[in-house]
Amino acid sequence: MPYLTDDEKRILQGEEGYVPQLCMQYLVEVCEVSGAERLIDLDGTGDFHTPTTSMSPFYEFSFEELKKLVDSGAHFKIPTFANKAPFFAVPPVDGWEDCNLCSYGDPEKMHCNPEFHREAMRDEWFELYRKMGMMTTHSCASYLTASYLPTMGQHCAWNESSAVPYCNANLGARTNIDGSFATCFLGKAAYYDMHITENRYATVEVRSERMISSDLEWDVFGFAVGEEVGVKVPVLTGTAKPNMTQIMKLNSGMNTSGAVRMYHIPGSTPEAHTLEEALGGRKPQRVAIIGEAELKRAYETLNFHTSDDVDMVYLGCPHLNIVDLMLLARKLEGKKCRVPLWIMSTPWLFDVAKKLGYLKIFKDAGASLMTGTCLAAMGGVPGGVRNLAVDSAKQSYYITGCYPDDDNRLQVCYGSQDDCIDAALTGKWRGEWR
Amino acid sequence: MAEKIIIKGRCEYPGKVRAEALVSPKPLEGFTNCNPRKGYTTERNHPLFKVPYNGKVMVYPLPRGSGGFMMYGSGPMKPAAFVHTEGCPLSVACAMVAHVPSMTDFERDPMEVIETGDIVFVNADEGYIEITKKD
Numbered sequence: 001m002p003y004l005t006d007d008e009k010r011i012l013q014g015e016e017g018y019v020p021q022l023c024m025q026y027l028v029e030v031c032e033v034s035g036a037e038r039l040i041d042l043d044g045t046g047d048f049h050t051p052t053t054s055m056s057p058f059y060e061f062s063f064e065e066l067k068k069l070v071d072s073g074a075h076f077k078i079p080t081f082a083n084k085a086p087f088f089a090v091p092p093v094d095g096w097e098d099c100n101l102c103s104y105g106d107p108e109k110m111h112c113n114p115e116f117h118r119e120a121m122r123d124e125w126f127e128l129y130r131k132m133g134m135m136t137t138h139s140c141a142s143y144l145t146a147s148y149l150p151t152m153g154q155h156c157a158w159n160e161s162s163a164v165p166y167c168n169a170n171l172g173a174r175t176n177i178d179g180s181f182a183t184c185f186l187g188k189a190a191y192y193d194m195h196i197t198e199n200r201y202a203t204v205e206v207r208s209e210r211m212i213s214s215d216l217e218w219d220v221f222g223f224a225v226g227e228e229v230g231v232k233v234p235v236l237t238g239t240a241k242p243n244m245t246q247i248m249k250l251n252s253g254m255n256t257s258g259a260v261r262m263y264h265i266p267g268s269t270p271e272a273h274t275l276e277e278a279l280g281g282r283k284p285q286r287v288a289i290i291g292e293a294e295l296k297r298a299y300e301t302l303n304f305h306t307s308d309d310v311d312m313v314y315l316g317c318p319h320l321n322i323v324d325l326m327l328l329a330r331k332l333e334g335k336k337c338r339v340p341l342w343i344m345s346t347p348w349l350f351d352v353a354k355k356l357g358y359l360k361i362f363k364d365a366g367a368s369l370m371t372g373t374c375l376a377a378m379g380g381v382p383g384g385v386r387n388l389a390v391d392s393a394k395q396s397y398y399i400t401g402c403y404p405d406d407d408n409r410l411q412v413c414y415g416s417q418d419d420c421i422d423a424a425l426t427g428k429w430r431g432e433w434r
Numbered sequence: 001m002a003e004k005i006i007i008k009g010r011c012e013y014p015g016k017v018r019a020e021a022l023v024s025p026k027p028l029e030g031f032t033n034c035n036p037r038k039g040y041t042t043e044r045n046h047p048l049f050k051v052p053y054n055g056k057v058m059v060y061p062l063p064r065g066s067g068g069f070m071m072y073g074s075g076p077m078k079p080a081a082f083v084h085t086e087g088c089p090l091s092v093a094c095a096m097v098a099h100v101p102s103m104t105d106f107e108r109d110p111m112e113v114i115e116t117g118d119i120v121f122v123n124a125d126e127g128y129i130e131i132t133k134k135d
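Those protein sequence lines, which keep their order, are chains A and B.
To convert, note that position 104 of the first sequence is 104 in my numbering; the numbers rise steadily by one, no gaps.
To convert, note that position 122 of the second sequence is 122 in my numbering; the numbers rise steadily by one, no gaps.
Accuracy of the hints is not assured; some may be wrong.
[As the list claims (entries may be wrong)] Here are the simulated PhoX-like cross-link-like pairs (lysine-lysine), alpha carbons at most 25 Å apart as the crow flies:
hint, chain 1, residue 1, chain 2, residue 2
1, B, 26, A, 296
2, A, 109, A, 131
3, B, 38, A, 109
4, B, 50, B, 38
5, A, 331, A, 360
[Said to hold, decoys possible] Which residues of chain A face chain B? A few of them, derived with a C-beta cut under 7 Å, are:
hint, residue
6, 231
7, 337
8, 339
[What the hints assert, rightly or not] So the derived list for chain B, only partly shown, Cβ under 7 Å to chain A, looks like this:
hint, residue
9, 31
10, 64
11, 89
12, 128
13, 130
No wet-lab data here; the hints were simulated from the structure.
Computed from a prediction, not measured in an experiment: that's the story for all the values here.
Yeah, the Cβ is synthetic: ideal placement off N, Cα and C, and Gly gets one too.
Isolated chain A (complex conformation) (with noise of 0.2 Å):
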């Protein structure tokens, strides 16, 4: 049992109602299951998937329990975010009319049907979790379109793989996989990993023999180091520094192939301008290298095709921010896809993208712009697609697990942005590791 202040005790108690003593119930199962000690009060931001009531189906509470607690005046603590699109369905919120995708391999649950979609998107509980002062950003990437960043040092509760290294590692605000109901209703998370600071510290420095400085580079190189540290903070050394996109990739990249909470980038991330910063003032428990083998292995092991010939072409994972979607537009503009071309970025971006003219530039390519989900977290690709080209390593990694069956195995092309355009245009991929 970990230590509780009087007014933790209180709630835990059920002096203030049956939802906030299940919620601190989970906090302090998190607590015995971590080995945390105690809860931190939160003063950053949070986001959890929606519309789910707890992480854990043992705390979870109705939607009538949620309605009375929203009728009592009950609001988020902290600045609370929707992660992506609504649960179980995860729809696209944008561009749906052109995602010819059974969900889950459900012929009777297409995506482009507006029932199934209306269904899908579950606005009653979003009504609700409104009122509660979420803001319904509906995107794994949450930060890409919150104008509100937590700051330097401040406890948060974020909710995504990818998204947790950009909190701790590029903003230097504190987090783990901490997102759920009851963190950003309470105000309050288990304190332990990364919330504590002498764990944010680096045990393993990364060295890269190349100049990692292209997207594609970031992203393999990503996929490289979270094979080689694991659930360690590393800090990297030999790198170019990574722009936004980069950052973006990296972070998905390293928690595909591993759990990188936190890590160092010594004059680019906040935490440590030295290695010896990053390192603690210790020496790293052991040196690892990332040479051309190891990024020619990664990118390898990314790409799962015998054929060149592709179906389909998927950008956005993660989201693509506003920069992406200008420079793609410029690249697809005046251009024809041979093969359906999918873009993926969130919600709060879409109108902004179609006032910037992109959105048209997107659909007279004859290319797709959806937004607030993947292809993975819709459980698949659409009917007839057997080679799918990709330019991130999360996508390729997950959305082949859908796949599993010899009669029905899915390809995968991996490669740069360029590669996939240029499939797009052809039908044919020519990618290759430079």
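Given chain A, work out where chain B should sit, using these hints.
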């Protein structure tokens, strides 16, 4: 008399169970790379690709990937217990969903000792595992 080895560790989720070990030499990944209805990993290239874990003591080095790692505990097919060398919030969430005995932070790495087919008594209540080597 079969060899027995005892290793002390930290209880994540309490309980006691004795079952056959299934050892994953590679870190496990959830989300779409786990099928909880069938009870196996669907990760391409994984040594346990489509190897059923239902009712086994799942022994693995560390969790990785998305928050969907908790699929390993969400059943209906699920391991009888979890034994892992290193953890992070992914394994915490998994233990909380599974509510089966779960242990980590051992004084000796269980991956060096346990082989698939060994019988493992996971006594999370008292903080140890007892391994009976297969013949």
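Inset, instruction - Please write out, lowest number first, the hints stated earlier that are contradicted by the structure. - result: 2, 7, 8, 12, 13
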